[in-house]
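The residues making up each chain are set out below.
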Amino acid sequence: MEKQPTILGIDLGTTNSLGAIMKDAGPEVIADADGESLVPSVIAFDSEGKVTVGTAARAHAVENPLATVFSIKRLMGRSLSDVREDLTHLPYAVVAGPRGSACVNVNGQVRAPQELSAIVLREIQSRAAAALGEQITRAVITVPAYFDDAQRHATREAGQLAGLEVLRIVNEPTAAALAYGLDRQTDATIAVYDLGGGTFDVSILHVSEGVFQVLSTNGDTRLGGDDFDRELIDLITGEIRERFGREITFGPATRQALRNFAEAAKIRLSQRETADVRIDLGDGRVYTRAITREEFEARIQSHVDHTLEHCRRALSDAKLTASEIDEVILVGGSTRIPLVRRAVEELFQRRPYTAIDPDRVVALGAAVQAGILAGRKRDTLLLDVTPLSLGIETLGGAMGKLIMRNSTIPRTATETFTTSVDGQTSVDINILQGERELAEDCRLLGKFQLTGIPPMPAGAPRIQVTFLIDANGILNVSAREERSGRAAAVQVTPAAGLTKEEIGRVVKESVRHARRDMTAHRLIDVRNESHRVLGAIDKALANAADILTDEQRRKLDAAVERVRTLMDTNDDPDELYRAMRDANDAAGPLTRYQMDEVLSKTFRGKSAKDLDPRIGTEE
Amino acid sequence: MAITVTQRAARKIQQVFEKNEMPADACLRVGVKGGGCGGFSYTLDVTDAPAEDDEVFQTGGVRVVCDPKSYLYLNGTEVDYDDSLLQGGFKFNNPNAAKSCGCGASFST
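Residue numbers (numbering that gives the first Met the number 0), protein chains in the order written: chain X, 0 to 618; chain R, 0 to 108.
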């Protein structure tokens with residue numbers, strides 16, 4: 000069969016743009032040689048007319064603000080009078096072009112936003128061509144759901160100027176829903192919450208048999224992650240002036256440095272509870288500060304509340320209540336902020352989809368749309384069963400399956416795990432997919448850490464791990480320590496990147512290695528159990544070694560020694576298992592004594608044997 | 000060789016299918032899950048249809064399916080059902096298992 004020319008999916012964003020294509024294993028973003036896929040939507044012109052795009056162009060913004068164009072999306076298809084409000088935020092010259100349209104004057108040359116966007120599109124197109132080794136001539140481009148006809152038309156023109164046949168203009172929220180495979184829903188209402196660097200919008204969609212309808216949109220084109228950065232900058236500059244004097248001024252280079260510090264701190268606070276900021280102001284003046292997540296959240300709370308207000312308006316325009324929304328999708332880098340996730344979850348009373356990178360989900364969805372237009376089948380994604388087993392890495396590197404392959408979805412499974420070291424306060428949860436028995440032979444889908452477990456002896460904490468695959472195949476994994484109530488969760492898309500061939504290969508491999516794998520898994524578990532048993536015997540000996548006769552002690556020491564030797568050298572689980580059982584038996588007098596002690600303490604005065612003849616005499 | 004179910008087990012499985020309003024061609028899925036001191040444990044599930052690479056057996060009026068890896072351990076197994084109060088539930092009589100522990104939930108080969 001002749002290979003069809005690839006159709007490129009493009010997310011042409013206000014702050015960043017990127018491209019993606021449909022592959023057999025699903026959509027994939029296009030990355031440059033350094034693995035970077037986001038192209039900042041920034042274009043810089045030098046005095047000789049040389050043009051740079053993306054990260055390189057952004058570096059020019061400080062030294063040459065008049066010839067560095069960004070946020071061009073705000074001008075697309077608008078008249079100069081439409082964008083009056085935006086002008087105060089744009090350092091470059093916006094002028095009236097043909098028929099009053101908003102254009103940009105760079106170094107005396109008037110350029111239409113379409114031309115400028117075409118430069119960004121051409122950059123993405125050439126990256127894709129380089130990555131795929133073929134000419135790219137056709138594309139799907141996304142736009143916000145609220146774009147009017149003129150704005151959509153301008154986007155199409157930008158594509159044509161870049162030498163692309165624009166097969167379809169797709170709404171960004173629709174693309175996000177496509178990336179999550181929600182087009183397969185027969186009848187569902189979806190809210191897409193998109194909080195980017197500089198814009199916020201929320202869209203309510205209805206999907207039925209692959210057809211999307213926008214019920215309502217709302218938002219604020221002047222609200223985003225940049226506002227959160229500004230809150231941190233204000234906090235920092237305020238404190239610097241307080242500490243080192245009001246007269247300190249911040250030049251453009253310093254302001255840019257501050258922006259970088261603030262952004263880095265913001266990103267860190269999505270991962271951790273504190274972020275350290277250290278700024279050297281020269282002359283021995285150094286500003287240091289640990290900013291906590293709580294402080295950050297307090298400062299951005301009003302902005303987040305503002306987004307929720309827009310969500311309520313969108314719901315009311317669609318004549319819906321929050322509880323009538325079936326799915327919620329988070330788009331845009333700022334939705335990584337835990338406070339944002341919590342707020343959205345509270346409003347809609349359901350856990351939003353976060354499994355797909357919020358910076359890439361729109362481009363991935365554009366690629367899905369491109370694949371549909373190219374007539375590509377998505378058979379591997381259309382499963383109503385989980386194609387491969389899902390589990391977590393257990394102590395010693397084994398794969399502990401929670402959901403078996405070919406289980407129908409939706410499905411949930413819960414297992415209780417514990418700690419392996421005394422006083423352990425955190426556990427790593429590695430989410431695995433595959434049929435092999437060792438973690439290293441399975442695919443790592445994601446990982447997270449449960450922290451803040453109160454220090455207890457090994458084996459005492461009860462940590463419930465729950466796997467929940469919903470009807471769309473999205474996997475939520477959560478872990479909760481019972482005593483403290485500490486919990487953590489992560490969401491992943493197990494079907495992403497899987498083809499039928501890959502599934503077949505994984506299953507064949509697992510059959511081929513079955514015997515060796517099963518033995519290896521059992522050996523790991525028997526070793527863990529042996530370790531636990533030896534630990535218990537050590538503790539018992541420390542408490543009550545004197546109750547053993549010499550003969551009993553000699554037997555126990557020999558049995559323990561044998562387990563120790565086998566644990567280090569032996570790879571036959573049967574032999575180790577027998578040795579462990581023997582050691583357990585040899586420790587019987589100790590175990591019985593300890594149990595009596597515990598019981599007599601519990602039931603003051605009564606002998607344990609008086610309570611129940613079975614207790615204390617059985618092992 | 001194959002996987003079989005006893006009359007008692009077949010009756011119980013059909014009850015489960017009816018109770019869950021499963022389609023007429025619903026299957027009982029059996030499998031093994033690695034790990035534990037015994038080496039394995041058995042898994043039971045119901046499913047609407049066999050997967051492409053499943054082994055499929057028609058036995059006692061019930062369709063039983065098993066994935067290829069599990070079948071290495073379940074070939075020749077008879078699935079029984081015990082409705083006694085204490086030890087009730089499905090039992091796996093597995094000739095591959097050198098020894099079964101009391102509850103029948105794990106075995107080693």
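No lab work stands behind these hints, which were simulated from the structure alone. A hint or two may mislead.
Stated by the list, open to error - One-sided excerpt, in silico: chain R residues whose CB lies under 8 Å from chain X:
1. D52
2. G59
3. G60
4. R62
Unchecked claim - In the DSBU-like style, the derived pairs of lysine-lysine whose C-alpha atoms are separated by at most 35 Å in a straight line are:
5. X:K318 / X:K22
6. X:K22 / R:K32
7. X:K49 / R:K32
8. X:K507 / R:K32
9. X:K499 / X:K538
Virtual Cβ for every residue (Gly too), placed ideally from N, Cα, C.
Holds or violated: K318 of chain X to K22 of chain X, with C-alpha atoms at most 35 Å apart | Roughly 39 Å separates the two Cα atoms, so the pair is violated.
Measure nothing beyond the straight line between the CA atoms of K499 of chain X and K538 of chain X; if it is 35 Å or shorter, mark the hint as holding.
-> violated (52 Å)
Hint check: is the beta carbon of R62 of chain R less than 8 Å from a beta carbon of chain X?
-> This interface hint is violated because 14 Å lies over the 8 Å limit.
Using Cβ atoms only, decide whether G60 of chain R comes closer than 8 Å to chain X, and label the hint accordingly.
-> Violated: closest Cβ of chain X sits about 22 Å from G60 of chain R, beyond 8 Å.
Given pair status - K32 of chain R, K49 of chain X, alpha carbons within 35 Å = violated (63 Å)
Restraint status (C-alpha distance of K507 of chain X to K32 of chain R at most 35 Å) | Satisfied, since the Cα-Cα distance of roughly 17 Å is no more than 35 Å.
Given hint G59 of chain R near chain X, where the shortest CB pair must fall under 8 Å | Violated: closest Cβ of chain X sits about 22 Å from G59 of chain R, beyond 8 Å.
Please work out if K22 of chain X and K32 of chain R have their alpha carbons no farther apart than 35 Å.
-> holds (33 Å)
Once the shortest beta carbon distance from D52 of chain R to chain X is found, is it less than 8 Å?
-> holds (6 Å)
Taken one by one, the earlier hints fail for this structure at numbers 2, 3, 4, 5, 7 and 9, listed in ascending order.
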